[in-house]
Amino acid sequence: MIELENVTKVYSNGVKALDDVSFQIGKGEFVFIVGNSGSGKTTLFKLLIKEIEATQGKIFVDGINITQLSHRKIPKLRRHMGVVFQDFRLLTDISVYENVAFALKVVEASSRKIKRSVPMVLSMVGLADKTKMKPTELSGGEQQRTALARAIVNNPPILLADEPTGNLDPKTSWEIMKLLQEINLRGTTVVVVTHDKEVVNAMKKRVVTLKDGKVVRDVQKGDYGHED
Amino acid sequence: MFKNRLMSVASISTISACLLVVGIFFAVAVNVEHMLGEIENRIGLAVFFNQEVEEEKILEIKTALEAKPEVHKVEYVSAAQAWENFKEEYFRGREDLLVGFDDDNPLEDSASLQIFMNDISMQKQLVGSIGALPEVRYVRQAEQVTSVIESFNSLVAYTSLGMTAILVMVSIFLISNTVRLAISIRKKEIKIMRYVGAKNSLITAPFLFEGILIGVVGSLIPMLLIYLAYDQATERLHAQFLILREYLVFLPVWTVLQTLVPLSLFIGVLIGLVGSQWTIHKYLKA
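Keeping their order, the protein sequence lines are chains A and B.
Here this note's numbering is used: position 87 in the first sequence is 87, and no number is missing along the way.
Here this note's numbering is used: position 215 in the second sequence is 215, and no number is missing along the way.
The hints are simulated quantities; they were obtained by calculation from the structure and are not laboratory data.
Mixed in with the good hints, there may be bad ones.
Dumping the calculated PhoX-like pairs for lysine-lysine here, alpha-carbon to alpha-carbon at most 25 angstroms [unchecked claim]:
1) B:K187 to A:K76
2) A:K73 to A:K50
3) A:K50 to A:K16
4) A:K76 to B:K282
5) B:K199 to A:K76
6) A:K113 to B:K191
7) A:K76 to B:K191
8) A:K214 to A:K197
9) A:K46 to B:K187
10) A:K105 to B:K73
11) A:K134 to B:K188
12) B:K191 to A:K134
Assemble the whole structure, with the sequences as input and the hints as a guide.
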C-alpha cells in the first residue's frame, strides 16, 4: 500500500532530515512512526502527503510513484488519504457538521451523499449530538474527533495522523486511539506519527522508529523502545 | 467575497479611473475622427491653371484626378462660374456696384478644379504631384487646418495610450494586492481544501472570479459616467465654440458607447484576470 525506497530528504538549508529510508506498509496495517523531535518523522509525514518533495528515492502509494506525480494529480492522491494533525485544523466559524461536509463539498460530492455520509461518520466518532456546535465550543478531544470524521468521510484507504494526541490529555488520547483502531478494523490503513510513548506502548502495534533520519527499529506488536 | 472591502474599493476605483481615461480619450478620438471626416469633405484643394491652358486639358486632368483613390470628388469651376460665385458671395444685394464690369470677367484666368479628399493625410503628396504639372499655376490648400487637426488627433492618441498604460499597471498591482489579501484571509481554508483533495481549479476559481468581478465593476462605472456626462459635455463645447459650430459635429452617445463598452469590459476583465492569475500563481503554487 505504501512503500518507501531509499528516500532521502535534504532541505534547502542543508539539513538532512531523512537519510536513505526504506520500509513498507501493507494494506490494512496500523503503524506507529516514532522518534524524537528532529528524527525526521514529520518530514516523512509531509513526504507521504506530498507536501514536500523527496530529494532522492521513490515513494509508492497504491503502486503509484508519487515522487513523480505531477502537481495536477496531487488532489487525486490526497483523496486517497485522510489526514489528521496535532492542531486539528478545523474551520472555526462553521459548525462541526459543516466542517465535515466541507471535505465532501470540495471533492464535489452530491448533496445526497453529503446528507447521508456526514451524520453517519459523526455518530461513528461519537459527536452525533454536537453537530451544530462550533469547534471553539468543543473540547480538544471532540475537536480531534471532528477532524477524524472529516478525514474519513470520503472513505480513503489510508489515514495519516501527525501527532494526533499531541494536544490531548492521556484519557482523551486513549479515546482517540481507540477510534483510530476502530477505523483500522474497518479496513483502513492507519499511519500514526507520534512521540506519545504511553499510547504506543498500550496499543501493541507495529512501531517504526526513526533516529537522525534513519530507520533504527521496526517491530511488530512493539513498544516505543528505549529513549536514548 | 469582498472580505477585504477597502482593497476591493481601491482596485475598482483604479480600474474605473483607468477606463475613464480610456473612455474619455476614446470619445474624443472618435469624435475628432468623425469631424475630420466631415471637414475633409469640405476642405479641398483648389487648382488654378495657366492662362493658355484650354478647358479640354483641364477636364483631362480632372478625369485623371478622379481616378485616384484618395480623391473624393473633383469639381470643375469655369472662369464664368467662378465670377458668378464671386458675385454671389460678395456683391449680393449690391448688384449696382457691378455695373462697370458689364460682360467682362475679371476672373478670366480663374478656371479651377476643386478637389475634395477622401484621405486627408494624402493631401500633401497630391499637392506635390499636381504642382509639378506644367499647366498648373497655383494650388491653394487648407493644409494648416488639416495638419492641426491631424496632430491634435495623434496627440490625443499618444497621451491616452501613455496614461492608460500607467493606469493599467497600477490596476494590476492593486488587484494583485486585493487577491493576495483575500488569499491570506482564507489561507487556513485553502490549506484544508488541499488536504482533502480539492482540485486546484476549485481553490483558485473564487479568486479569479473576484479579480474578474472587480474588473467588470471597474469597467462599467466609467461607462455609466460617460453616458451621463456625454450630452452635457458636447453641449458645453458647442456653446463655448460657437464659431466652430459647423465643424463640431458630435457623434451620438450610443454610437460612442457601442464600441467603448465592449472595449472597456475587455480591458477591465483582462486587468482582473492578469492581476488575479498572477497572484494566484505566486501564492497558491500547488
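To see whether the hints hold, each was checked on the structure:
Pair hint B:K187 plus A:K76 holds up; C-alpha atoms about 21 angstroms apart against a cutoff of 25 angstroms. For the hint linking A:K73 to A:K50, the alpha-carbon distance of about 11 angstroms falls within 25 angstroms, and the restraint holds. The suggested pairing of A:K50 with A:K16 holds, with an alpha-carbon distance near 18 angstroms, which does not exceed 25 angstroms. Proposed proximity of A:K76 and B:K282 is supported: the alpha carbons are some 22 angstroms apart, at most 25 angstroms.
In summary, the hint linking B:K199 to A:K76 is supported, as the alpha carbons are separated by about 8 angstroms, within the 25 angstroms threshold. Among the hinted pairs, A:K113 with B:K191 is consistent with the structure: their alpha-carbon atoms are about 23 angstroms apart, no more than 25 angstroms. About 15 angstroms separates the Cα atoms of A:K76 and B:K191, which keeps this hinted pair within 25 angstroms; it holds. With a C-alpha separation of about 19 angstroms, the suggested pairing of A:K214 with A:K197 holds against the 25 angstroms cut-off.
Between A:K46 and B:K187 the CA atoms are separated by roughly 18 angstroms; this keeps the pair inside 25 angstroms, and the hint holds. About 71 angstroms separates the Cα atoms of A:K105 and B:K73, which puts this hinted pair outside 25 angstroms; it is violated. Between A:K134 and B:K188, the direct Cα distance comes to roughly 16 angstroms. Compliance with the 25 angstroms bound is thereby established for this hinted pair. For the suggested pair B:K191 and A:K134, the alpha carbons sit about 19 angstroms apart, so the restraint of at most 25 angstroms is met.
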